[in-house]
Amino acid sequence: MSAPLLDVSDLRVSFATEEGVVKAVDGVSFDLRAGEILAIVGESGCGKSVTALTVMGLSRGPNATIEGSAMLSGVDLVTMDDEALHKVRAERVAMVFQDPMTALNPVYKVGDQIVEQIRAHEDISKEAARARAIEALRSVGIPNPGRRYDHYPHEFSGGMRQRAMIALALSLEPEVLIADEPTTALDVTIQAQILSLIERLNRDRGLAVILITHDLGVVAEVADRALVMYAGRVVEEGTLDDIFYDPQHPYTWGLLGSLTRIDQPRPRRLPLIPGAPPSLISPPQGCHFRPRCPHAFTKCPTTPPLEARLPDNPGHRDRCWLDSETKRARRVVEDRIGLVASAE
Amino acid sequence: MSARPDTAAFRDVADGSAPLVEVEHLVKYFPIKAGVLIDRTVDQVHAVDDVSFTLKAGETLGLVGESGCGKSTLCRTILRLEEPTRGVVRFEGRDITHLRRRSLRPMRSDVQMIFQDPYASLNPRKRVGQIIGDPMRIHGVESGAKRRQAIQQLLDRVGLSPEHYNRFPHEFSGGQRQRIGIARALALEPQLILADEPVSALDVSIQGQIINLLKDLQAERNLTYLFVAHNLGVVRHVSDRIAVMYLGKVVEVSPAEDLYTKPIHPYTVALLSAIPIPDPQENAAREPLVLEGDVPSPIDPPPACRFHTRCPRATEVCRRVEPPLVDYGNGHLAACHHPVNVAAQDIARARIAPESPLGAGSEMPTLDRGLPDLDEANTAPPPPGRP
Numbered sequence: 001m002s003a004p005l006l007d008v009s010d011l012r013v014s015f016a017t018e019e020g021v022v023k024a025v026d027g028v029s030f031d032l033r034a035g036e037i038l039a040i041v042g043e044s045g046c047g048k049s050v051t052a053l054t055v056m057g058l059s060r061g062p063n064a065t066i067e068g069s070a071m072l073s074g075v076d077l078v079t080m081d082d083e084a085l086h087k088v089r090a091e092r093v094a095m096v097f098q099d100p101m102t103a104l105n106p107v108y109k110v111g112d113q114i115v116e117q118i119r120a121h122e123d124i125s126k127e128a129a130r131a132r133a134i135e136a137l138r139s140v141g142i143p144n145p146g147r148r149y150d151h152y153p154h155e156f157s158g159g160m161r162q163r164a165m166i167a168l169a170l171s172l173e174p175e176v177l178i179a180d181e182p183t184t185a186l187d188v189t190i191q192a193q194i195l196s197l198i199e200r201l202n203r204d205r206g207l208a209v210i211l212i213t214h215d216l217g218v219v220a221e222v223a224d225r226a227l228v229m230y231a232g233r234v235v236e237e238g239t240l241d242d243i244f245y246d247p248q249h250p251y252t253w254g255l256l257g258s259l260t261r262i263d264q265p266r267p268r269r270l271p272l273i274p275g276a277p278p279s280l281i282s283p284p285q286g287c288h289f290r291p292r293c294p295h296a297f298t299k300c301p302t303t304p305p306l307e308a309r310l311p312d313n314p315g316h317r318d319r320c321w322l323d324s325e326t327k328r329a330r331r332v333v334e335d336r337i338g339l340v341a342s343a344e
Numbered sequence: 001m002s003a004r005p006d007t008a009a010f011r012d013v014a015d016g017s018a019p020l021v022e023v024e025h026l027v028k029y030f031p032i033k034a035g036v037l038i039d040r041t042v043d044q045v046h047a048v049d050d051v052s053f054t055l056k057a058g059e060t061l062g063l064v065g066e067s068g069c070g071k072s073t074l075c076r077t078i079l080r081l082e083e084p085t086r087g088v089v090r091f092e093g094r095d096i097t098h099l100r101r102r103s104l105r106p107m108r109s110d111v112q113m114i115f116q117d118p119y120a121s122l123n124p125r126k127r128v129g130q131i132i133g134d135p136m137r138i139h140g141v142e143s144g145a146k147r148r149q150a151i152q153q154l155l156d157r158v159g160l161s162p163e164h165y166n167r168f169p170h171e172f173s174g175g176q177r178q179r180i181g182i183a184r185a186l187a188l189e190p191q192l193i194l195a196d197e198p199v200s201a202l203d204v205s206i207q208g209q210i211i212n213l214l215k216d217l218q219a220e221r222n223l224t225y226l227f228v229a230h231n232l233g234v235v236r237h238v239s240d241r242i243a244v245m246y247l248g249k250v251v252e253v254s255p256a257e258d259l260y261t262k263p264i265h266p267y268t269v270a271l272l273s274a275i276p277i278p279d280p281q282e283n284a285a286r287e288p289l290v291l292e293g294d295v296p297s298p299i300d301p302p303p304a305c306r307f308h309t310r311c312p313r314a315t316e317v318c319r320r321v322e323p324p325l326v327d328y329g330n331g332h333l334a335a336c337h338h339p340v341n342v343a344a345q346d347i348a349r350a351r352i353a354p355e356s357p358l359g360a361g362s363e364m365p366t367l368d369r370g371l372p373d374l375d376e377a378n379t380a381p382p383p384p385g386r387p
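Top to bottom, those sequences are chains X and L.
When the letters of the first sequence are read in order and numbered with my numbering, they come out as residues 1 to 344.
When the letters of the second sequence are read in order and numbered with my numbering, they come out as residues 1 to 387.
Looking at chain X on its own, in the form it has when it is part of the complex:
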């Protein structure tokens, strides 16, 4: 196995607010290998976006405390100074945001925004940059890129804007693309187009992708590996087969169980996860999922480390104290994976 492209280790991000210190990211570690699509999945407030922003150096601020490291082939993005970080962004790591309506500047032409980025990083003529921008627009499947170059963002549809965002992100050919909920604001038929674009870029250019999403369907469609996050921590990490067919953490069971699936007979009631995620100002002691977990026991007030708990699969790690036999028995609810019975 080759060395990881990006190695995030024990990342901790907290923000001082009027109500108290919010521990948004609480000890997140993972690595991203060359050419893979790694999904980070979790619900709102679980810290998945803050993790990504921190890797990009975008969560820095007077009220933020950042610890840990994010090594991109030997250099640490967390401690890097702003000037060096400026070079890394877009040239080596680029980001696409959820809302293509607000991420593009409405008063500049789409093409000019791409040219601006290229010329901020490289010393080339306007004409050459324009040609590169048109090529970038073409490569993400925007029809008629030469004419589209001169259009403003409002003249693009939602799907086209997200394509333009991806073209902008890839214009300097970075090694890593971080996509933060890139399809959440889009309709399903457009989502399918954008996902197949990301897959194609990954396959053709060997682009490594961190895909942040709340949708396990999207994960199943494009990712190679996945991290499941809950309340600032990674609770499970593994390949898609690990996560979908042999999930070890009760939160993952709950997520899988509460999905509405169109390919299976519908249950009479929708299974769910009882309760709501905890406050990140005063999270529960030990396992953060403990207050919502029907399987919690005496060991759970001590935080379980993220480690491989299955002897034959070192890549599959989780944070749950239950032994694997008990997990296998308890995760099957009404003949499928779930946390609690749907009948309540």
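Be a bit skeptical, because a hint or two may be false.
[Unchecked claim] Simulated restraints, written as ranges between beta carbons of each label pair:
{"#": "1", "chain 1": "X", "residue 1": "D204", "chain 2": "L", "residue 2": "L367", "range": "35 to 45 Å"}
{"#": "2", "chain 1": "X", "residue 1": "T17", "chain 2": "L", "residue 2": "N123", "range": "18 to 28 Å"}
{"#": "3", "chain 1": "X", "residue 1": "H121", "chain 2": "L", "residue 2": "S161", "range": "51 to 61 Å"}
{"#": "4", "chain 1": "X", "residue 1": "D123", "chain 2": "L", "residue 2": "R320", "range": "54 to 64 Å"}
{"#": "5", "chain 1": "X", "residue 1": "H121", "chain 2": "L", "residue 2": "L367", "range": "55 to 65 Å"}
{"#": "6", "chain 1": "L", "residue 1": "T261", "chain 2": "X", "residue 2": "K126", "range": "53 to 63 Å"}
[What the hints assert, rightly or not] Not everything, but these chain L residues come out facing chain X in the computed CB check (under 7 Å):
{"#": "7", "residue": "G208"}
{"#": "8", "residue": "L232"}
{"#": "9", "residue": "Y260"}
{"#": "10", "residue": "I275"}
{"#": "11", "residue": "I277"}
{"#": "12", "residue": "N283"}
{"#": "13", "residue": "D294"}
Keep in mind that the hints were calculated from the coordinates and are not lab data.
Beta carbons: idealized from backbone N, C-alpha and C, even for Gly.
Based on these hints, arrange chain L on the given structure of chain X.
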């Protein structure tokens, strides 16, 4: 239009009960104006274009479609929050399309709405008790201690605590806020609730809680729902029937399960096929049908069948003649010249439905050979649950 049954046929005679809501050929165009001193209407947004359906008491009709297909406008027009351009809306047999504001009021207490965004739909400066109590105050239902008690019972029923009466919306999470919105919709004991994307803004683990609550309330109070969503997975769990809209038109209406096992309109097939299945092996096994391009502009929608610009099965007739809404039996209607998942005998039995748009042609659909076969695109048989 000789073959068209008259509108009285809308009522389900066999059933004996008049539907709660009848929507007939409802049209809503928004004018686009230009001009400095004198407004001229230069164009129109065809938001809802000749939509008909009925809603029986106690049933849930799911309404799905992509953004801009007119599903929210349809809801708002039924409620008379928008004035219809043409068409008729009847509630309990009474035409409410042209009622004045004052005469509309009694109807308003029977029809309530739950909105998509629980952050924008609750007044941040009012307390929860006030928010839920306002409909009661306006309609003069209960007063004083009795009203307070009624509100606290509602809070308890939707899964909040009666002590939340004096709190402000910002003290609640998204899921809890949506529960407040539901309590407000229930305050006047309505018969019909229009739920406009009530769970789209919520996390999956919370969506289930809200959907189960809505289902329980329906069973308890015999509520009728018009449930709008863009997510076909969510709609399936609540609906008895589902209507699919595309660019202002209803393209398919079906009993809920049939839509997933036997979709007839190619657009429905594409919608289903675009939903990623949260199962890597299932995903790898199926051949998704990825639609090219974007939804056309509703200002200048394509002529005849509106889906023909993106449809893999479109032929010459789709560009010339608007397909009628055809009834394939069992309440399964679709408007397509080249339907999927139907056999020759289905077409022989099929009839043009009374809900069919007025401008549609009267040709029955045909089974053309040599068209792309979409039958396999999404409808793999349900696999056994994988423990």
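So, going through the hints one by one against the coordinates:
{"no.": "1", "hint": "X:D204 with L:L367: 35 to 45 Å", "verdict": "holds (40 Å)"}
{"no.": "2", "hint": "X:T17 with L:N123: 18 to 28 Å", "verdict": "holds (25 Å)"}
{"no.": "3", "hint": "X:H121 with L:S161: 51 to 61 Å", "verdict": "holds (56 Å)"}
{"no.": "4", "hint": "X:D123 with L:R320: 54 to 64 Å", "verdict": "holds (57 Å)"}
{"no.": "5", "hint": "X:H121 with L:L367: 55 to 65 Å", "verdict": "holds (58 Å)"}
{"no.": "6", "hint": "L:T261 with X:K126: 53 to 63 Å", "verdict": "holds (57 Å)"}
{"no.": "7", "hint": "G208", "verdict": "holds (3 Å)"}
{"no.": "8", "hint": "L232", "verdict": "holds (6 Å)"}
{"no.": "9", "hint": "Y260", "verdict": "holds (5 Å)"}
{"no.": "10", "hint": "I275", "verdict": "holds (6 Å)"}
{"no.": "11", "hint": "I277", "verdict": "holds (5 Å)"}
{"no.": "12", "hint": "N283", "verdict": "holds (5 Å)"}
{"no.": "13", "hint": "D294", "verdict": "holds (5 Å)"}
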